[in-house]
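K.L.:
In order, the protein sequences belong to chains V and H.
So the first sequence is numbered by the numbering used here: it starts at 1 and just counts up by one.
So the second sequence is numbered by the numbering used here: it starts at 1001 and just counts up by one.
Simulated from the structure, these hints should not be mistaken for laboratory data.
Positions of the beta carbon are idealized from the N, C-alpha and C atoms, including for glycine.
Any given hint could be a false lead.
Said to hold, decoys possible - Just a few of them, taken from the derived set where beta-carbon distance is under 7 angstroms, the chain H residues facing chain V:
1. Gly1040
2. Leu1043
3. Phe1045
Claimed, not checked - Cut-off 27 angstroms, straight-line C-alpha distance, at most; resulting in silico cross-link-like pairs (DSSO-like, lysine-lysine):
4. Lys41(V) x Lys56(V)
5. Lys1015(H) x Lys41(V)
6. Lys56(V) x Lys68(V)
7. Lys1057(H) x Lys1011(H)
8. Lys1057(H) x Lys107(V)
9. Lys107(V) x Lys3(V)
10. Lys41(V) x Lys1011(H)
11. Lys56(V) x Lys3(V)
12. Lys1017(H) x Lys107(V)
13. Lys107(V) x Lys17(V)
14. Lys1057(H) x Lys3(V)
15. Lys107(V) x Lys41(V)
16. Lys68(V) x Lys41(V)
17. Lys41(V) x Lys17(V)
18. Lys56(V) x Lys17(V)
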Amino acid sequence: ELKVEQNPLFLSMQEGKNYTIYCNYSTTSDRLYWYRQDPGKSLESLFVLLSNGAVKQEGRLMASLDTKARLSTLHITAAVHDLSATYFCAVDGGDSGGGADGLTFGKGTHLIIQP
Amino acid sequence: GAGVSQSPSNKVTEKGKDVELRCDPISGHTALYWYRQSLGQGLEFLIYFQGNSAPDKSGLPSDRFSAERTGGSVSTLTIQRTQQEDSAVYLCASSLWGSRNYGYTFGSGTRLTVV
């Protein structure tokens, strides 16, 4: 059974600081996704990481994937209040084509950025 | 449509009643997924549809849950004899088949409350 663990689950930080969210998963996969969720809202796709060593950046967020270590990181640079949200990583661990097994999500990291 | 559309956005029902939740995927997206998000269980994959193919129902929580997809487009998730533990947000997502590389687009969800 595929397991996805995120840490920390809760993070309070000050504006301007840097921090990293970690996502570990238990089986071989080369497809990892990061989503953002604001309170009462749906999931917004942030990054799709498709291969070992993949790195993607959007604004103050940067995500990376190490498939050998089964680890992805989401790094926040010079945090601003608008980045406050819950961040989820999700792994597509299915062997069958087309994503038939769906995504397995981590529990999410609730991020609060204080002025 | 422009995005994944779900209805109703909120549903309050009495224990024991049946409910139907609807998902209208992005036009052209052949793959459709249902997920459930609850405080206790996080995000859980429920079921996947590829076009008109019969889905794998093994992810559904109980035999009170069923889902169908008509004409390879709109899907309904039906919960019979609702129980309080069914209270959750039910999210639908769609993607291009074979294009997990481009991620999944989620709808805004249906918040189900069983009283």
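K.L.:
If a hint holds in the structure, say so; if it does not, say that too.
P.N.:
Results for each hint:
With a least beta-carbon distance of about 11 angstroms to chain V, the hint placing Gly1040(H) at the interface is violated under the 7 angstroms criterion. A least Cβ separation of about 4 angstroms between Leu1043(H) and chain V falls short of the 7 angstroms threshold, and the interface hint therefore holds. At about 3 angstroms, the closest approach between the beta carbon of Phe1045(H) and any beta carbon in chain V falls short of 7 angstroms, and the interface hint on this residue holds. Between Lys41(V) and Lys56(V) the CA atoms are separated by roughly 24 angstroms; this keeps the pair inside 27 angstroms, and the hint holds.
About 26 angstroms separates the Cα atoms of Lys1015(H) and Lys41(V), which keeps this hinted pair within 27 angstroms; it holds. In summary, the hint linking Lys56(V) to Lys68(V) is supported, as the alpha carbons are separated by about 18 angstroms, within the 27 angstroms threshold. Annotation: proposed proximity of Lys1057(H) to Lys1011(H) holds, straight-line Cα distance about 24 angstroms (limit 27 angstroms). A hinted pair counts as satisfied when its Cα atoms are at most 27 angstroms apart, and Lys1057(H) with Lys107(V) qualifies at roughly 23 angstroms.
Taken as a hint, the Lys107(V) and Lys3(V) pair is honoured in the structure, with Cα atoms around 10 angstroms apart against an allowance of 27 angstroms. A distance of roughly 16 angstroms separates the Cα atoms of Lys41(V) and Lys1011(H); the hinted pair therefore holds under the 27 angstroms criterion. Our distance criterion of 27 angstroms between C-alpha atoms is met by Lys56(V) and Lys3(V), whose separation comes to about 23 angstroms. Restraint check: the Cα-Cα separation between Lys1017(H) and Lys107(V) comes to about 30 angstroms, which exceeds 27 angstroms; the hinted pair is violated.
Between Lys107(V) and Lys17(V), the direct Cα distance comes to roughly 23 angstroms. Compliance with the 27 angstroms bound is thereby established for this hinted pair. As the CA atoms of Lys1057(H) and Lys3(V) are separated by approximately 20 angstroms, the hinted pair is consistent with the 27 angstroms bound. Restraint check for Lys107(V) and Lys41(V): the C-alpha separation of about 16 angstroms stays at or below 27 angstroms, so the hint holds. Between Lys68(V) and Lys41(V), the direct Cα distance comes to roughly 33 angstroms. Violation of the 27 angstroms bound is thereby established for this hinted pair.
Proximity of Lys41(V) to Lys17(V) is assessed by CA-CA distance (about 26 angstroms); at most 27 angstroms being required, the pair is judged to hold. Proposed proximity of Lys56(V) and Lys17(V) is supported: the alpha carbons are some 20 angstroms apart, at most 27 angstroms.
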